[in-house]
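Participant: This is what each chain is made of:
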Amino acid sequence: MDKVIEKTSKTYDKILKEELNKNLKNFIDEIIDVIMVEYDSQLVVNDRKSKTNPLLPKYRDEFMDRLIDFNYVKETINGFVFTAPDMDNFDFSGNCMGIIQNILEGTSGIYVEVTGEEYEQMFGKKRITREELDTDLPPKDRVYLMRYTSNVRNAERNVFGKVGYLTRYPFSNTPPIRVLEAADEYVNNNLESLIDISVSRATRRFKRES
Amino acid sequence: MTSEMTNLRKEDLSVYYYIKNVVLGNFIEIDEMVPLEFSAELSSCNISGEYESEVYIALTDMLPNPTERGRGWVYLDPVVSGTGCELFDTEVGQRADGVTVTGTPEQSTMVTVYEADGVTVIPPTEYVIDYLDGRIVTSGTVQPAYVTYNWHYVSVVDEWAAIEAADPPVVVIDIHGTDIGGYQIGPGKKVTRKVDIHIFASNTAERNDLVETIQNGLYLKSSVLFDFPLGTILDYDGTWYGSKDNPGNKLTYLFDRRGVSNYVGYMNFDNVTSRHVNLPLLMTRSRDEVMLSDLNAYRSKISFDLVTYTKW
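Those sequence lines, one after another, are chains R and V. Heads up, the first sequence is in my numbering, so the first residue is 1 and it goes up one at a time. Heads up, the second sequence is in my numbering, so the first residue is 1 and it goes up one at a time.
Okay, chain V solo, but in the shape it has when bound (with noise of 0.2 Å):
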């Protein structure tokens, strides 16, 4: 039996890479030259004992930590053409099962991989990038030694659980309910999601600019929505969909932007408003420490409605 993703799912998915990827698109931070260590743990070895796939980990002493959940490396290279909204740039080409499509490319500026001189570059065909857990998986070939590459500053988590795993700034994204009535005579249904965007920060600044940044992000604006037909865009591992199966040739694996058939137009955001969460919450002994641990004092809350249209 094969499943289909559900529309709430394809939703929440996009307004998850709508907010994370063009919304907090500003939210970017470099990282230099990080050291690369190899892990024997991790690699993996063939019948004959030789390692097939040889795993590096990059050592970081950055704050908050860029792996952390809900953060990850870059994996997209910033938008260049189309419009504000556009959530990626496109090119056409084929999927792994030689189906033309048009889609996103992996990254290729955010990114970069030196070898032990800190001053030669390993071309990307020769590794495959894990982007949530900051790794750089070799088949041997090479013998990366330092990294440098970008990463999400802002936490987006879709669940409340997630958010004590990360150092704030965390932005949770919770639809939390759903209306739905009719538009027109005949088939087609109009989906109203009540959507709250909670918004963890860790000083007064930060949240205030996260709050209009989304704020902005989000009013009298639209999204794609997308399909999904192979996945989300990382594998489980957290590599680029596809890209394991084939390093040497990464437009073969296109993130396959596909909008849904079944909806009418885009996701819209309607009556988006926000206010500040101010709870009367004992703070820890030290100034220094609550700034660095306390979640809840620094909270914002976004409220909107995402409103689409379906088909039938």
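Looking at chain R on its own, in the form it has when it is part of the complex (with noise of 0.2 Å):
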């Protein structure tokens, strides 16, 4: 009796699994669909010069992937655990992630966007930073952001001969933006009902295959 019982339940187990893998593949594309539209609505930039307009397909579709990449799903013994992408979990690291980056944790003061070329004509050495913003560039055309000092100024003036030249961080002085938030809120409403309907179809598939 109790194989009998231990195998049903292994049975219904694998069928409730695959349903809910089914399920929960549609919910990602759903969740990445609802943090682009916010990406896409919160994120403009009328600058056309500005190097760092998140909407620029090697951003955009750089944050796309990342969504993509993201580990939704992690296995555990008594079933799975759902995470959504929040700012703490998110993969900034690397390419031109840096700028994103940036713009959701929101700047506090002006700064401009200074490329490692225009850094050197300015200073006449190279650049220092912790970190660069774009590293799929070669040195000279990465971009970085300075805080528009009166030293910087300075040196746009008499680099570039007129202060303005520099191309001013569209993002500059700006709260962070909360677009993976719309993740979270899209997971706490509709989570619950997609476990409901996973069950409930796998509860009809078990009668029907048993």
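Keep in mind that the hints were calculated from the coordinates and are not lab data. Using N, Cα and C, we set each Cβ at its ideal position, and we do this for glycine too. A hint or two may mislead.
As the list claims (entries may be wrong) - So the derived list for chain V, only partly shown, Cβ under 10 Å to chain R, looks like this:
no. : residue
1   : Glu164
2   : Val172
3   : Asn296
Take the two lone chains and join them into the complex the hints point to.
Facilitator: Structure below.
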């Protein structure tokens, strides 16, 4: 008798897992859509010269790729744990993700965009930095953000002939933009019903197949 | 038409006072024997050309500037009784309109004004203090020459745009979302506000101190939600509310610390978490300059839920 129960239980678990996986795939696609809608509507830049425009394909595509690669479902002994991307667990490392991280975390103060080449022209030596914002470009084309201090303004005027030559970072003095929070809200509102649907489908399938 | 403050505004102000005066109560510095300079521009005359009020400005070279936005001179005495969560000591007295209230008087130990000899203390009944701009206002009966005052080392502001107006450390309180739900059969709401506190420090050590202090000040803690029936503690011009009208009797003007009547209990701080924010920003050229000017170099964020229960 015990063996029968055990076998039945395993069969049901297997079916439920399949149904959950099937539904979760769609659910994850929906989450990505929700985040990208927020991304496209909130991260709008009007300055065409800006090299840090998050709607440029290289930034947008990279962000979307990271969303697709995100580990939403972690299997455990008793089932699975579903995690939505947030500022703590999302991977902002490498490539051009530094720009996106800056925007989403918010930036205090006025900053300008400076390439490696412009920095050398202004200060006569290579840039010093903790981390590049965009590592997939050659060093002279990489974009950095510099606080727009009087030193920078003087160097800009001396080298490029006018103040205002450098492009102002469009997200200067901007509070955090909570693009990823849309995912959290979506999960809170919909995950329970997704599980309910998966369970009822699995139950129906189990009855049919057994 | 009269309008009362909304609940959100009262909660925002109450959190502000709790963070500034209780949680960061130890982040207070003293500036001693600072010269006072008479300002003819700010002083006002009566019809016969005599000064009606004389304004003296404190000339300090302290950095960060004690009167930058979000700082200011300390206007409350340290708490000497009650619990660790107690915002202020209380007294029972009469408000300006004669109503008896339980409230908190203006400080009596945090600012001292001296005459030109640098020894004789001018009685506090002879002047009014502008706590935001660091000024002493007299009616011309005394000539203040020096001031010793305590000031808030950490700038506490409630809007992102104000961060740049002060040198670090700066703390920003940002209430950015609200969830409302029921909590009982019948009337009443459970209101959960999403709050972020952004910390902008001038070095790693300072950032760590602030994060730990604020997080400990919120974790498993609650605070009184004030009603502010006569407005905030300080008037629009930085003076203690009502003190201009009767500087001779400061007890006449108490900050009415009445709690709001349509709430159940205090404000609770739930789900308190913190994390450092390390942004890949280009540093300015000199290390010293970075330490003083790059607001984003040493950042941290504390997130929590501010939970209140309303009666209706």
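Participant: Would you settle whether the hint for Val172/V is holds or violated, based on the nearest Cβ-Cβ distance to chain R being less than 10 Å?
Facilitator: With Cβ-Cβ at 8 Å, under 10 Å, it holds.
Participant: Hint Glu164/V vs chain R: min CB-CB distance below 10 Å?
Facilitator: holds, 5 Å
Participant: Using the nearest Cβ pair, does Asn296/V come within less than 10 Å of chain R?
Facilitator: holds, 6 Å
No hint from the list above goes unmet by this structure.
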